[in-house]
Structures are given as C-alpha cells and as structure tokens.
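Novice: Sequence:
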Amino acid sequence: MKLQNNRYVQILFIGTLVFGLYGCDNKSNTQGANHAQEMPPLPVKAIKVEFKDIELDKSYPALIKPYEEAQIIARVQGVLEKQHFVEGSYVKKGELLYTIEHDVYQAKLDVANANFNKALSDYERAKKLYATKSISDKEYETFVASYENTKANLKLAQIEYDYATIKAPISGVVGIKSHDIGNFVATNTKLTTITSTNPIHLEFSIPKSDANRFLSQFKDSSTNIKLVDSTNKESVHNGLIDYIAPQIDINTNTLSLRAKFENKSQEYIIGDFVKVSVKGLKINNAITIPEEAIFQTQNGAIVYVVDDGMAKPRPVILDILTSEGMVLKGGLNDGDMVIINNIAKVRPNSKVKIMDGN
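Residue numbers for the sequence shown follow the working numbering, beginning at 1 and rising by one.
FYI, nobody ran anything at the bench for these hints, they're computed from the structure. From the three backbone atoms N, C-alpha and C, an ideal C-beta is built for every residue, glycine too. Certain hints may be false.
[Said to hold, decoys possible] Derived DSBU-like pairs: lysine-lysine, alpha-carbon spacing no greater than 35 angstroms straight-line:
#	residue 1	residue 2
1	58	48
2	329	282
3	190	58
4	279	219
5	275	58
6	275	233
7	345	312
8	92	208
9	264	45
10	264	58
11	190	219
12	48	353
13	264	279
14	208	190
15	151	190
16	282	312
17	208	260
18	138	128
19	92	264
20	167	151
21	92	282
[To be verified] With beta-carbon atoms standing in for the labels, derived distance ranges:
#	residue 1	residue 2	range
22	240	267	49 to 59 angstroms
23	183	117	56 to 66 angstroms
24	267	291	35 to 45 angstroms
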C-alpha cells in the first residue's frame with residue numbers, strides 16, 4: 001500500500017513538471033509571435049519612376065575599307081616603256097602611270113588617219129560624180145563603204161593610242177608594281193592598284209533588335225557617329241551613313257551598314273579594326289530603374305513597389321541597359337515608388353518605410 005502511494009506521488013510530480021514546461025514553452029511562443037508581428041518597418045530607399053525620353057550610346061566593331069579602289073590593267077598589249085609613278089606615292093586622278101609602246105601606237109594612228117583622209121576625199125568626189133550619174137550605184141557604194149571602214153579604223157586606232165598611255169582613274173595611293181619596265185604585257189594584265197585613303201569607309205553590322213528600333217535614326221544625317229580607334233580616341237569629325245543593306249542577314253541576324261569618314265591626316269589605316277560609336281540614340285516614353293532594384297526569380301525579374309507602406313512584388317520585363325539604368329518594356333506605371341536598396345532583406349507584403357532624403 002505504501003509502495004503504491006509513492007508511485008502515485010511520482011506520477012503526479014512528473015505530470016506537474018511536464019505541464020509546467022509546456023506552459024512555459026507556449027508562453028514563449030506566444031511572446032515570439034507577438035514580437036514578430038510588432039517588428040518595425042524595414043527602412044528602404046525608393047525612387048518615383050516616370051515615363052520620359054532617354055538617350056543612349058551604342059558601339060559596334062568596324063573594319064576600315066577604302067572609299068575607292070581601282071585595279072590598273074593594260075588595255076592593249078605591248079612592252080612597258082615607262083613607269084611615271086613611285087610605289088606608295090599619292091597620285092591624282094588623270095595622272096600618267098604607264099606608257100606602252102607609244103611610238104608603235106602613234107604610227108598605227110597616223111596610218112589610220114591617212115587612210116581615213118584619203119577615203120574621205122574619194123567619198124566627197126564620188127558624191128559629186130554620183131549626183132551627175134557619172135558613176136554607177138555599185139561604184140558609189142564602194143566609196144561609201146571605204147569611207148565608213150576607214151572611219152571605224154581611225155576610231156579604233158585612237159582608242160588603242162589612248163590606252164597605250166595609262167592614267168590614274170581615281171586619286172589615291174598607288175601600290176606595288178607587278179611588272180617591270182621592258183616586260184611585255186598582254187591585254188588585261190594587272191599592273192598595280194590605286195587605293196583611295198581619304199575619305200574612308202567603315203563597314204559594320206548591328207543586331208536586328210537595334211535595326212528595328214534605331215534604323216531611322218541611323219539614316220538621319222544629324223546623328224552623331226564617331227570612329228573610335230584602338231586607343232579609344234574619337235574622330236574629330238562625324239561620319240555619315242551612306243549604305244544600309246536592304247535585308248537582315250539570316251545567318252547572323254544582323255544588318256550591314258557603312259559609314260563614310262574624313263581621313264585627311266591619314267591617321268586611319270585601311271584594313272584596321274576599330275569601332276563605330278553612335279551617340280544620342282533616343283528611346284521615347286520609357287521607364288528606367290537602377291539595376292540594383294531588380295531581383296531575379298525563377299519566374300523572371302521582379303521589383304518591389306511601395307504600396308500603402310508594404311513591399312509589393314511586381315514582375316517586370318527588361319529591355320536594355322543604359323547609362324541611366326535598365327529600360328523596361330513593361331511592368332511599372334508612371335508614379336510607382338520602386339525600392340532600390342535592401343532588396344535581399346525585403347519580403348513580399350512586408351512593412352517598409354521610405355527613408356527621408358530620397
């Protein structure tokens with residue numbers, strides 16, 4: 001009987017202890033919950049967004065190409081008698097480059113001219129005789145044919161004579177000769193090359209997205225286009241777009257363009273890789289936000305908007321990063337207050353307080 005009473009006392013003591021511990025724990029949880037509910041609002045910085053026109057600069061890799069380039073070829077055959085230029089020198093359009101057997105082609109021209117003059121004289125006399133019926137139709141036609149034939153031969157001889165003195169078709173720097181003086185060259189033999197170095201062309205490509213958005217601005221002659229060399233030095237003068245491809249390259253999804261630049265000082269070298277910088281391109285009626293305001297989730301980008309003292313997550317569609325921030329395609333309204341700091345601490349629908357001095 002005494003043993004049973006002792007067990008009863010032990011059970012009662014343990015039960016009282018467990019109940020007490022449970023009560024303490026429950027009280028602690030309640031106090032914690034109340035404490036959580038009473039957490040002060042998180043201090044944040046926020047900006048008021050608005051639709052506005054923005055400007056941005058774009059840069060594209062480019063290749064310097066000659067404005068003009070001409071292959072100098074022999075239009076008649078013969079021996080190269082004279083070379084009238086120094087390789088690597090600048091020549092003006094119309095300057096003499098080569099002479100090919102000048103005396104030979106001069107002699108051919110003289111013969112053709114003499115034959116023509118005789119045929120012309122015979123033709124004039126035949127016209128008078130034919131008018132008085134002193135010669136037959138057949139005889140007259142023979143004189144006419146001789147006149148026309150010698151006239152054509154004279155024209156051909158004059159052309160060959162002119163081709164025997166080769167002149168620069170464009171102004172530019174003349175290249176290395178391919179044949180020495182005294183060599184015989186056939187018709188259509190390449191002799192050298194002339195490359196125009198002022199102005200110059202820059203060939204470059206822009207992504208399809210830029211073409212869709214900015215092409216009309218590229219076409220505008222007032223657009224600020226600069227050449228940027230390997231030292232990041234910008235050209236003094238603006239370039240001018242003088243060619244835009246008629247279609248997008250489906251293999252690269254880009255559009256080819258060409259810009260014309262002045263190169264009077266000859267500081268830019270044909271074949272060099274540089275950049276084309278297009279400044280002041282405009283995006284109208286756009287919203288921009290700081291990049292640090294954006295929070296990436298599995299479902300895409302969001303920002304937190306302050307609404308009635310609470311942080312409300314708002315999905316946004318990103319467009320393009322500029323010096324003014326990230327341009328958005330959608331997701332925000334004019335006047336929204338976007339949180340720009342403490343993003344990692346912000347929770348959806350948590351209380352926030354915009355700090356003074358925003």
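Novice: Confirm or reject each hint.
Specialist: Taking the hints in turn, this is what the structure says about them:
{"no.": "1", "hint": "58 to 48", "result": "holds (27 angstroms)"}
{"no.": "2", "hint": "329 to 282", "result": "holds (15 angstroms)"}
{"no.": "3", "hint": "190 to 58", "result": "violated (42 angstroms)"}
{"no.": "4", "hint": "279 to 219", "result": "holds (13 angstroms)"}
{"no.": "5", "hint": "275 to 58", "result": "holds (10 angstroms)"}
{"no.": "6", "hint": "275 to 233", "result": "holds (10 angstroms)"}
{"no.": "7", "hint": "345 to 312", "result": "holds (13 angstroms)"}
{"no.": "8", "hint": "92 to 208", "result": "violated (41 angstroms)"}
{"no.": "9", "hint": "264 to 45", "result": "violated (53 angstroms)"}
{"no.": "10", "hint": "264 to 58", "result": "holds (26 angstroms)"}
{"no.": "11", "hint": "190 to 219", "result": "violated (38 angstroms)"}
{"no.": "12", "hint": "48 to 353", "result": "holds (14 angstroms)"}
{"no.": "13", "hint": "264 to 279", "result": "holds (23 angstroms)"}
{"no.": "14", "hint": "208 to 190", "result": "violated (40 angstroms)"}
{"no.": "15", "hint": "151 to 190", "result": "holds (31 angstroms)"}
{"no.": "16", "hint": "282 to 312", "result": "holds (31 angstroms)"}
{"no.": "17", "hint": "208 to 260", "result": "holds (22 angstroms)"}
{"no.": "18", "hint": "138 to 128", "result": "holds (15 angstroms)"}
{"no.": "19", "hint": "92 to 264", "result": "holds (15 angstroms)"}
{"no.": "20", "hint": "167 to 151", "result": "holds (26 angstroms)"}
{"no.": "21", "hint": "92 to 282", "result": "violated (42 angstroms)"}
{"no.": "22", "hint": "240 to 267: 49 to 59 angstroms", "result": "violated (18 angstroms)"}
{"no.": "23", "hint": "183 to 117: 56 to 66 angstroms", "result": "violated (36 angstroms)"}
{"no.": "24", "hint": "267 to 291: 35 to 45 angstroms", "result": "holds (37 angstroms)"}
In this structure, the earlier hints numbered 3, 8, 9, 11, 14, 21, 22, 23 are contradicted, and the remaining ones agree with it.
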